[in-house]
Amino acid sequence: MSIFVDEKNKVLVQGATGHQGVFHIGEMLNFGTKVVAGVTPGKAGQEVHGVPIFNSVQDGVDETGANTSLILVPARFAKDAVFEALDAGIKTVVTITENIPFHDAMEFVHYAKYKDAVLIGPNCPGIASPGKTKIGILPGSIFLEGNVGVASRSGTLTYEIVNSLKEKGIGQSTCVGLGGDPIIGTTFIDALDAFEKDKETKAIVLVGEIGGTAEEDAAEHIMEHISKPVFAFIAGRTAPTGKRMGHAGAIIARGKGTAASKIKAFEKADVKLAKFPTDIADLVEKHL
Amino acid sequence: MKLFEYRGKELFNKYGIAVPTGNLVSDKNDFANLKFPIVLKAQVPIGGRGKAGGIKKAKDLKEAKEKLNQIMGMDIRGFKVGKVLAEETADIKKELYLSISLDRTKRMPLIMASAEGGMDIESVPDDKIFKEWVNPLIGIQPFNIRNIVSKLGFGKEKSKEISKVLTKIYKLFREYDCELVEINPLIITGDGGVMAIDSKIIINDDAMFRHQDIIPEHVELTALEKDAKEKGITFIQLDGNIGVIANGAGLTMATLDALTHFKGKGGVFLDLGGTDDPEKVKQAFELMKKAKPKVIFLNLFGGITKCDTVATGVKAVISKEGIDCPVITRIKGMNEDEAKEILKDAGLITATTLQDAAQRSSDLAGGK
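If you read the protein sequences in the order shown, they are chains A and B.
The first sequence begins at 0 in numbering that gives the first Met the number 0 and counts up one residue at a time.
The second sequence begins at 0 in numbering that gives the first Met the number 0 and counts up one residue at a time.
The set of hints was computed from the structure by calculation and includes no laboratory data.
These figures come from a predicted structure and were not determined experimentally.
Some hints here could point you the wrong way.
[Stated by the list, open to error] Below are the DSBU-like pairs computed for lysine-lysine, each with C-alpha atoms no more than 30 Å apart in a straight line:
no., chain 1, residue 1, chain 2, residue 2
1, B, K13, B, K170
2, A, K255, B, K288
3, B, K279, A, K255
4, A, K255, B, K319
5, B, K79, A, K255
6, A, K255, A, K90
7, A, K90, B, K105
8, A, K242, B, K228
9, A, K242, B, K82
10, B, K50, A, K112
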């Protein structure tokens, strides 16, 4: 099994004919993802790696039965793209785009909920279930099929951690990038609940960072609802107050969102914390 | 972007929210349209200016000129005062607190109100602060307003006035892509009206493209940070002496944390992002050199980004322009062996693990 996505996802890519679109359609196809359609207004009839391009999401859905969308369009067009996908009946939307205005994200996060759809991101690398599918821009080479679920607010840091798991022969059930923005669709709590239910997942790794209270909320949730072992790494222990550390969501504001507070919350919830990103693999190995 | 108080009040004015009569002042003629007594307020993008002496009262023109001289040019927590707002004093009967912010957890606009205004909201006890969340898809509704305003405990007339202000700031909050609109205090005047005495507005930087009427007036960035921003590189100056270059915000933060573990201190946070474009790598190194770190720590994980392409870019900059500080590199992932050869060839130190690299960088920066 896996969470949120599996081999049944038929993926449509919005922003398919740009540099990123073309490259990642190729990478996803190599991974085994069922990429069935691309959308770029005005470019219907073209193909990218053999995948047909349509003018609208509705056309793509009607012709191919796509049920999942990957959003790669620039920030100022992202809200329109997500709304278009949801209105065409898409049930899983993965939004990679960075720098989307917070108010736009707030609107489409609520609209996705209203439409009973799963929205992952924005500002995330996507989601991968090794052996099944990869929807996003995560590098395919780092994964291995297995039993560890990974949920993260970060990109490259997650690749590093997943890669170090692979080097020890520890595979992953699903790795989901939740996104580095303050307003995101799928949270640690959503991922924890899904991993708890997933029979294949035996242990859960969370990669958090400064800003907001997502880790504190997750810690509360773990104490009450999660029976599987949880491991975590928190980035930004030495970040100064008031600076956005690369991610729009990574900011300590009004005394809230410090790494210290997150570490304390996780310790209370008996989550095993790693000092260095690559230590996660050692902790998980000892446990399994 | 944080707006200055007077800019925020211009927006309040635009949305029909009453503010005291006032204007910016730089010499004695600027007081001509104001009725004394007045209050002079330093325009700074940070809180706590009252305690720092940035707000002063004046009963006549002579006093106003003296106080203006004291405030203009004053240093408030590292910010030099370049603008002063003079306003007629208001007839304050009661001070309230009202704000709308983004609730990250609920992903909704959060209205906060308190009958205890005029002080830092952090020091108001939780049971005196009332909260109401608005569904962004339907917008603020009369029930939202009733729910929160009724808790403040004012009579019908005053509640109606406060409700009107709340409706207006919600509109402002949404139309201007605000992260925060705060009025503290919102006052009730002697004649029963309401007026915003202060304004605090933060507009989401990522939405500035659709607010061309907002002119950035103060720069919260250093000269190098500004330069980097124009080049599309995430570059943050910190108070240590080790320059960190990594790819991805999370990995860059984790690298700084690793340095701290070995008693080193990051001086620059430079996130290369997903690029392996040699030109970007070159620009990144040039910026880093200008920040004059004692040691540079390059920490790369190659996924989609290929390590050897980045290494080639690094080698090109160093062999062409030289570098006057040690560079410690730690490379992992796609094509790491090729990358290590290239960097060794360029005379850089290649470490095997993050810990090893962090330790070496910290020791070198500490003079060992």
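Tell me, which hint numbers fail for this structure?
-> Failing hints, ascending: 2, 3, 4, 6 and 10.
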